[in-house]
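Visitor: Each chain, written out:
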Amino acid sequence: SQTIHQWPATLVQPVGSPLSLECTVEGTSNPNLYWYRQAAGRGLQLLFYSVGIGQISSEVPQNLSASRPQDRQFILSSKKLLLSDSGFYLCAWMGSMNTEAFFGQGTRLTVV
Amino acid sequence: SQQGEEDPQALSIQEGENATMNCSYKTSINNLQWYRQNSGRGLVHLILIRSNEREKHSGRLRVTLDTSKKSSSLLITASRAADTASYFCATVPYNAGNMLTFGGGTRLMVKP
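These protein sequence lines are chains A and B, in that order.
Okay, so the first sequence: first residue is 1 according to the numbering used here, each after it adds one.
Okay, so the second sequence: first residue is 1001 according to the numbering used here, each after it adds one.
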């Protein structure tokens, strides 16, 4: 069966420090991969999505970047965190456009 | 960018009552999906409805889609306290690859 792993669950980082959040998927190949950010009590903002290795689409210009070094690995990064980068980050994968998406458990990032 | 907008933003009902949530979107779609999120967790898929479908059922859930009005509704019948959660609609826009965008969500509280 397919599973998605996202870590860490919580993270407290100082302003100006780097960030690396990793998401891996098991049990499927060539998934579509997504990174979302969710502010408290709000909806999901699509940050990046990838349809294949090395293919990244960015939806929101910001302080973040994403990479897909392997088929089932999606990494969200920042060189220097801002206070406004705080939020709940969710990784997801979807097999094809007419199938459901599966979400990781999320990373709560607090920038202090 | 957010494609869908849910209405209402918050809904409070008594156990046993029905809950109706609405979603409007902006562009043509391949499909529309509904998800549920318990506080501080990842999202769980509920129902996917394709653009050529008008209604789908799953247990106590009923989803309708009106592509002429670019809107969808989620009905939860005979609600239970365990249905308390946030509910989101998401769309796969037509001709946008496998982008999956979410609305702001409806926070449902079911009182026992």
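Because the hints were derived from the structure by calculation, they are not lab data.
Because the structure is a prediction, the values reported are computed rather than measured.
Just so it is clear, CB atoms sit at the ideal spot from N, CA and C, and this is done for glycine as well.
It is possible that part of the hints are untrue.
[Claimed, not checked] In silico contact screen, one side only, chain A against chain B (beta carbon under 8 Å); selected entries: (1) 43; (2) 49; (3) 73.
[What the hints assert, rightly or not] Restricting the straight-line Cα-Cα distance to at most 25 Å, the calculated cross-link-like pairs of lysine to any residue (SDA-like) are: (4) 1056(B) / 98(A); (5) 1026(B) / 80(A); (6) 1026(B) / 77(A); (7) 1026(B) / 41(A).
Visitor: Hint by hint, where does the structure go against what was stated? Just the numbers, ascending.
Guide: 3, 5, 6
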